[in-house]
Amino acid sequence: MNRRVIAIALLCLGISAFAFGLAIGQHELVRSWLQYFSDAYAIGFPQPIP
Amino acid sequence: MSETDTESPEKQERSRDRLGSRFARWKQSILERTRPHKTLHYWVKKAFEEILAIRIIRFIFQLIVFLLLFYAGITYVLGYDPLLESGLFAGLAFLIPIFGYIPVVFDMPHGIAQGTATGFFDIIQLIGQAGMFPFIALGAVLIIPILIGRSFCGWVCPFGFIQDLCSLTPIRTRTVSKQTNRLLSWIKYIFLFTTLFFVLWVGLSTFLGIEAGLVYSLNSAGGFATAWWSVISPSGTFFVIVPYLWLNGVISPIITQWNPSPLSWAPIMWIRLIFLLIVLVAALFYTRAYCRWICPVGTLMGLVSQFSFLTVSRSATECLHGRCEEQRCTKACPVGIDVIAQPPGKLYHRDCIMCLDCVAKCGYDAVKVDYS
Chain A
27 MNRRVIAIAL
37 LCLGISAFAF
47 GLAIGQHELV
57 RSWLQYFSDA
67 YAIGFPQPIP
Chain B
157 MSETDTESPE
167 KQERSRDRLG
177 SRFARWKQSI
187 LERTRPHKTL
197 HYWVKKAFEE
207 ILAIRIIRFI
217 FQLIVFLLLF
227 YAGITYVLGY
237 DPLLESGLFA
247 GLAFLIPIFG
257 YIPVVFDMPH
267 GIAQGTATGF
277 FDIIQLIGQA
287 GMFPFIALGA
297 VLIIPILIGR
307 SFCGWVCPFG
317 FIQDLCSLTP
327 IRTRTVSKQT
337 NRLLSWIKYI
347 FLFTTLFFVL
357 WVGLSTFLGI
367 EAGLVYSLNS
377 AGGFATAWWS
387 VISPSGTFFV
397 IVPYLWLNGV
407 ISPIITQWNP
417 SPLSWAPIMW
427 IRLIFLLIVL
437 VAALFYTRAY
447 CRWICPVGTL
457 MGLVSQFSFL
467 TVSRSATECL
477 HGRCEEQRCT
487 KACPVGIDVI
497 AQPPGKLYHR
507 DCIMCLDCVA
517 KCGYDAVKVD
527 YS
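Protein chains in written order, with the working numbering: chain A, 27 to 76; chain B, 157 to 528.
Source of the hints: derived by calculation from the structure; they are not laboratory data.
One thing to keep in mind: the hints can contain errors.
What the hints assert, rightly or not - Now the stretches of chain A that chain B is said to cover, found in silico as 3 or more residues with beta-carbon under 8 Å: (1) 29-41; (2) 44-50.
Claimed, not checked - The following label-pair restraints were derived from C-beta to C-beta distances: (3) B:Arg-338 <-> A:Ala-49: 40 to 46 Å; (4) A:Ile-50 <-> B:Leu-364: 38 to 44 Å; (5) B:Ser-341 <-> A:Arg-30: 24 to 30 Å; (6) B:Ile-210 <-> A:Ala-49: 35 to 41 Å; (7) A:Leu-39 <-> B:Ser-333: 36 to 42 Å.
Glycine is no exception: its CB is placed at the ideal position from the N, C-alpha and C atoms.
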């Protein structure tokens with residue numbers, strides 16, 4: 027199959043997956059993890075203990 | 157007898173000369189086409205190209221990202237961000253969620269056995285083990301490499317930058333045979349597919365509600381059973397663990413005076429540090445060794461980037477139908493792609509990190525950037 031067709035198909039699949047993930051609010055989960063680091067500025071960082 | 161058979165040796169020699177001179181003219185015309193005349197315009201253009209050489213632009217770009225991530229690691233260890241508190245970077249806070257999906261390997265461990273996360277590979281692991289399908293992260297895996305190939309590896313990845321710095325040392329870099337290269341390339345697939353296997357295993361168990369049976373084994377294996385790549389990622393070790401050890405005065409006493417405290421470290425700490433050391437030493441002798449043979453993030457992107465719109469393309473005519481004797485493009489490639497042996501046209505190679513060194517080094521304008 028033509029590479030370009032596969033590329034466009036994969037791109038459409040990726041955009042759909044990304045949009046669906048946003049629609050079901052999956053980014054909020056990741057945002058909350060990332061927010062954890064932002065909050066850490068206020069509450070003090072957990073220490074990575076060796 | 158035909159006429160050619162009756163030709164005298166002198167006539168045949170003259171004929172050969174004519175053929176030879178015709179070939180020489182053809183070759184000259186190609187060279188004239190590919191090598192511009194040295195006019196004022198040529199020298200101005202050349203000076204401009206030298207100043208804004210691709211390598212220098214890439215280096216500056218990599219350096220900026222490296223400093224930002226190194227700074228982020230240090231602020232994490234310090235427990236506060238002096239620049240953010242001063243208000244200098246406060247306006248950039250909105251960028252934090254975006255960094256979650258770029259394919260940069262950089263984890264921030266909150267507890268040594270549990271890595272979390274920026275970079276879509278970490279997010280795939282974390283969301284997957286939570287029993288959900290990582291839609292957004294998977295979308296990023298498909299969209300980014302299709303649009304720009306593995307440019308992140310060549311232009312952004314801070315660990316790639318460290319390896320590039322290693323290859324600038326006076327130590328002579330070596331090449332490996334094609335067979336060895338193929339054999340070593342299996343390592344990255346092993347890392348990638350074992351990680352995905354664990355994610356699938358734990359994720360499905362959690363989704364089906366049978367994770368209770370896994371508790372014992374998960375407790376035994378710790379982070380290795382879940383997001384195991386984040387546990388040993390040398391990037392995380394370099395950007396978080398090493399600054400932590402340094403700033404907490406753990407490393408300095410080891411260097412200045414013998415301090416047996418490292419002996420009491422958890423084995424995982426030793427695994428992380430030894431793995432990082434191996435990767436850095438390998439980078440001294442083999443350019444981008446980690447990217448070529450180990451990195452699962454690049455491997456995952458490479459599987460998609462072979463269909464990328466953005467590639468390097470090689471013109472068959474401009475590089476004398478693959479008979480260019482200098483082969484600068486192949487010699488310049490940091491990931492060991494035999495550029496000149498690839499079919500002419502767009503170069504679809506899963507190892508290509510779009511560093512564009514081949515484009516810069518080719519003296520005949522035969523290797524170009526292609527977006528189609």
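Taking the hints in turn, this is what the structure says about them:
Using a Cβ-Cβ cut-off of 8 Å, 8 residues of the region 29-41 of chain A lie near chain B, which meets the minimum of three, so the contact claim holds. For a cut-off of 8 Å, the count of residues in the region 44-50 of chain A with a CB near a CB of chain B stands at 6, and the three-residue condition holds. At about 42 Å, the beta-carbon gap between Arg-338 of chain B and Ala-49 of chain A stays in the expected band of 40 to 46 Å. Distance hint check for Ile-50 of chain A and Leu-364 of chain B: the Cβ-Cβ separation is about 20 Å, which falls outside the suggested range of 38 to 44 Å.
The beta-carbon spacing between Ser-341 of chain B and Arg-30 of chain A, approximately 26 Å, falls within the hinted interval of 24 to 30 Å. Between Ile-210 of chain B and Ala-49 of chain A the C-beta distance comes to about 40 Å, which sits within the given range of 35 to 41 Å. At about 38 Å, the CB distance of Leu-39 of chain A to Ser-333 of chain B agrees with the hint of 36 to 42 Å.
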